[in-house]
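Trainee: This is what each chain is made of:
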Amino acid sequence: MSEVVARLDGITKSFLGVPVLRGVDLELRAGEVHALMGENGAGKSTLLKVLAGVHRPDSGRILLGGNEVSFATPRDAQAAGIAIIHQELNLLPHRTVAENVFLGREPVRRGQVDRRAMVAETRRLLDWLGEDGIDPEAGVVRLPVAQRQVVEIVKALSADARVLAMDEPTAALADHEVELLYDLVARLRDRGMAILYVSHRMREVFDLSQRITVLKDGAFVTCSPTEELTSDQLVRHMVGRPLDALYPERPTEPGEVRISLRDAGNDRVRDLTFDVRAGEIVGLAGLQGSGRSAIARAIWGVEPFTAGVLERDGEPVRIPNPRTAVRKGIGYVTEDRKGEGLALRQSVRDNALLVRRAALRGQAARRASDLAALLKSVNVVAQGPHQEVRYLSGGNQQKVVLGKWLAVRPNVLIVDEPTRGIDVGAKQAVYQLLRDLAADGMAILMISSELPELIGMSDRILVMHEGAIAGALPAGASEEAVMGLATGHGIGEVA
Amino acid sequence: MSVVQEKVSVVRRAAPQGRRFVLTPTVTVYLALVALLVVGSVLVGLKGGVLLDEGGILNILTRSTVLGLVAVGQTMAIVTGSLDLSVAYLIGLCSLVAAETMAGDTSMIAPAVVLVLVVAASVGLVNGLVITVLKANAFIATLGVALILRGYLEHNYTGPAGSVPRAFQHLGYDRIGPIPAATLLMLLIAAGVWWYLRRTRTGYHMYAVGGDIEVARLSGVRTSRTIVTAHVLCSLMAGLAGIFLASRLGSGAPYVGMDAGYDLESIAAVVLGGTVLAGGRGGVVGTIGGVLILSTLDTVFDDLAVDPFFKNVVRGVVLIIAVALYARSKGNGRTS
Ligand SMILES: Nc1ncnc2c1ncn2[C@@H]1O[C@H](COP(=O)(O)OP(=O)(O)OP(=O)(O)O)[C@@H](O)[C@H]1O
Ligand SMILES: [Mg+2]
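Residue numbers (our numbering), protein chains in the order written: chain A, 1 to 495; chain B, 1 to 336.
With the rest of the complex left out, here is chain B (with noise of 0.2 Å):
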């Protein structure tokens, strides 16, 4: 009993060892974006305008709305040790489903959302196979997925088509206040992300095939499978972010996409938000911080109206400033 006691409180002295507040990348990224919105107020106030005003606000979180969708299921497929080129041209293709699908017709709406769900599921179900079956290298295989949907645009698109029905354009202007109704959609889908990938064993797996396969296989996790789900829900994000712009434009858009880059610019993204490209590490919270530091920069600029060139030398070097930084908190450093 005694002893039984002894160790109890051997144990409980041994396990918190206070949370110290640490400067982990989330944290970082979280203070960088106050940082930079403080910066930014003033830069435009200097010029005489206001950064946050409802224009303003309704600016950022607009364009955070659709990098975010992208970028969440990035984050999937980064954690899990592999990375997506095809969603820029995804996200066109979806549209373009969405809209067709729709011509105008309401009642069309329910099924063309889940046409377009299938058609994204089924491209992150060719990306994870030929990765995991082909065994290609993530790279190669999603910018291979990449050029065949591209081919696909081109020879059948040469412009905008289809048109969506008014009731749906509501998903893409509505607000509560100055918040469109979208971006609440779109943190609400987050949510679920940050459940799934925190709470689920799916989840766990997906850290662990991303922090190292062969321990994972060894351990028993099924690596394939794990794969495949993280590049299917990829995809389904790239989905909901055409269905977005469908409702947005009005029309189905073959490069709107590429156009904004999304590929690279999701990636940004998590990687800013502190996950490591290597995989293994980081999460969706840091994500949308990526996203809002992203979408505030392009706002402030605007703004300033600054020349594009310039613009992308900020973004550039933000970049690399924050990858520089999180290589040297992370507890790289010897532990023995």
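One chain only, chain A, in its complex shape (with noise of 0.2 Å):
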């Protein structure tokens, strides 16, 4: 067995008395990949951060081959060779990828920060990814999620770590681009780096990992051989429970027309023509810039239609901006959480209300003896409805967006990316309740890179190629099918 490079012990951590990590042991090998499961609010992103030396624990023990250290700064933590890929992007937007890639470690010459080496070796760690096309000159602000993405990846390769802890690399990608990751993470590990990875995506665990370590409420739960598992003994673990089918039952009959789109289209999409009726979930499919959040942003009013005619419960209307969509019962759930979704400084209680209190009047405006139960009805686990949404695991954040829209019941809901970030159990419940309000009326449409997810849900699939439809599916869809279309291929052909 390889050697361990880093180990943690019986590590405790707590928040203003509400205790976070309860004991945590966990062993990180040369040339392993470690993956790191549990619930939202487990604890993972707090354990990662005493790693990085963010927070420090309460009691336990840090060992780095073999010694104890303690890190009071994450500037110790990195001196030491851990380099961690936090859950939120943290890159600053108006530097260049060269001088964020080196933040904090600037090379110096003669008194200057040598500008001509980052650069360089910049450039020479992106070709070593196949990432050429990124210009290190460039500004962050300019790329695509993706590319920072690649860019943290750098960042965290350049600081010569030993150990890699990577939390949620993938919440941001997309299909083809989570395989370029992995083919990543494989060639560190050959090389004999310890990683340590986060993530919700089941498959991608048992693709990369060697070794699976669970934690439920911040307790050490079970750390096994990754192949010793079987996906359904994982979920138990994590959830404490055996889950029911992930995917809920498609209903029968969907009802009338609640918005129709007759050749719409304007710079980003063009000749789209499609109905989603009450009941139904319709999915969008298609490559990260194929023009599937360009509909939605198209409908929702950000960027508008301009040609062709939009249509809602059988009335042409025009939609000019986002105001005009609330007040007629569309809610947009996007796929960015912290740019666009959430006030991070605000409560729970006042992000969950925010759209209500925008976009209602009087007394159904100020509203809120139902909070508990909006709140339940999406599983946001918070210290309380008064606690700032900055402070709740991602997962939880992502949840509290769903329940913002909800509370002014729309009856046209577009969702993009809903489950990006949310563990298995709550995977399920987002799922369900989707269905439910889909089963009163609602008419759903969705957005998500993840084929099982928007082949499980939807009851009619577009598929979205180069900003048109390049045809649409039945529910139950191969996902040869799917990729197919999307890649601009017929129907199965997979190039």
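Treat the hints as calculated values from the structure; they're not laboratory data.
Just so it is clear, the structure is predicted and the values come from calculations on it, not from any experiment.
Take these hints with a grain of salt, some might be off.
Taking beta-carbon pairs under 7 Å as the criterion, some of the chain B residues facing chain A (in silico) [stated by the list, open to error]:
no.: 1; residue: Arg199
no.: 2; residue: Arg201
no.: 3; residue: Gly211
no.: 4; residue: Leu218
no.: 5; residue: Ala278
no.: 6; residue: Arg281
Every residue gets a Cβ at the ideal spot worked out from N, C-alpha and C, and that includes glycine.
Reassemble the complex: the two chains are provided individually, in unrelated frames, and hints are given to aid placement.
Mentor: See below:
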């Protein structure tokens, strides 16, 4: 068995008296990917932050190569060879790629930062990753999310780390980018790096890891070699009970047309013609940039349609801005929760009621009596409704975004990557919730990069390719069929 | 081999996407300065005067010298995501320390300068520590320090005190052609600060801390040390301004900084120069542009004998327009 590079021993940590980690043990070995699993709020990110020197443990020991260490700051952890890719992206948008990669460790030559060396080294690492399309001197603000993730990885690599901890690195990536990341993680592992990998995607964890540790409510549950676990067992460890079928049954008959597009388009999408009926979940598939989110943004009035007709309940309407969309009963759960979905410094309560207060009037706008029920319906785990959203675990933030829209009871709901960063148990709850909402007469348009989820949930799937609809598939279509259309080939022909 | 070459060519193609001419705030501020000089010259000309004669240029540059020193220091504080409201009283204090230590004695010039710098640096250190250790908001922390300085000055001084030797007044009055020597000195220092912000590690870290202190911290930047450094340097610049004013006035004056409103004026110049008040973006070059605009405005108003009320209205309008323009021009659109 390979050498133990780092060991966490009985780590405990409380925030304001609330225990978040209760005696967690973890061993990271050279050349091994160790997956860390657990429900939202189980304490995974907190454990990583202890390892990263962000939080000091209340008790317990950190051992590196057999010696006990104690980190007062992230800088100490970095110096000890620990690199972390945090759950939220950690880059300065207005600095260049190279400046971000070397932040805090800028090479100095004759009293000046050696820009040339920085750029050269960044370029070398980007090349090595096969990501030579990224200009080391470009501002990060100009890069799409996936490329920012690459920059984060380069940043971790450039630190010459022996231990790399990644907190849901694929949450923001599209399928083909996930493949690249797999490849990369495997290569790093084979070079002897010890990797700690947090993810909610089962498939990923089984593909990549050699060992899995499960946390529940901050406590260590089990650690075992990946090959000795089945995914059912893993789920049972995480959730504490076996799960029923992940995807709920599809109902029978959809109702009347809620929203209808006729040859609609703008400069990102074109020739869109489709209906979404009450009681129906329509899935939108496609590669990153194929125009899925652009449709959502157009319907919701962020970048409105400039051509064609948009009908709401059979009436042609114009939706020039999001406010009008909300008034017309359309809700939109965005994919970028930190940027667009949440006011991070406000409480769970304020966030959950934000849309209701903004969009409704009078008594209805002030209503808060159903808050508890609302938060429960989306399974938010928080210390209470007054906790600031930024202290919530990533998955729970996502649930608050969902709750915020349900608070105004829209009858058309667009959900963009609704389960990103959500644990299996909560995923099932979200699926059930969406199905129940549909059964109540809501029309739902769902965008997702996770094909199994899209196929499992949709009554119909529209596949986008380069801004237009490449084809429509019935419920239960195969992944090959979807990918075939999405990549511009015929149904089922994947290159 | 061929694979490597292919990669290199790909990189080449990806890298320089043509430096198009962009209307950055820095460019905008200098264009605005030129426009102001033209319009000002015409207006003053209509009244039968000349804006940019030797006296006019001298006037603009002299005004710019003190404000320039203070604003360049303020730029470091603001880039780091902080700000300093204590500079105005600090300038008064430093002018007094300089003049009283010299007390007309040429041999005391050097010790006086050193003493002023020590006093200024200490005040900056206090500002920085109150912000980082006591975790006070920068606005409140530096306002508090300003009030303390004010209390000290009011208790101990009623008017000018001390005197500088004649030799020291060269600093305030010597010229090279129409350009005051002190202005050149100020520009030299500004160039030094430009280099510091753009080329040294601490400078990089100031941008990082101002951009997102959490990201900076997680990346291993010593955030507290960076903030303290910014405040010490900012106060040192105010100290230099105090020395210069002592040289010009011949003595120390407790309220010379406050009467000219160098606290808010310096912040206005920085923001006018395109530095974002929240920190992380901007720089010294823009600040100097902002300083020149403010001094030119003042000189034009003096030449036109405009009433001071109207003068402030115009400055206010200019500031608001500038900030609104930057908010639009910057890449704050979506990127995806
Ligand atoms: N700085 C903080 N102050 C107070 N509470 C915190 C803080 N950071 C985390 N918590 C709480 O600690 C618990 C664990 O959070 P953590 O982020 O570690 O969960 P997680 O396992 O990473 O979940 P997810 O899968 O959703 O990312 C949560 O209940 C969260 O609210
Ligand atoms: Mg987490």
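Trainee: What hints, given by number in increasing order, does this structure fail?
Mentor: Violated hint (a single one): 5; every other hint is consistent with the structure.
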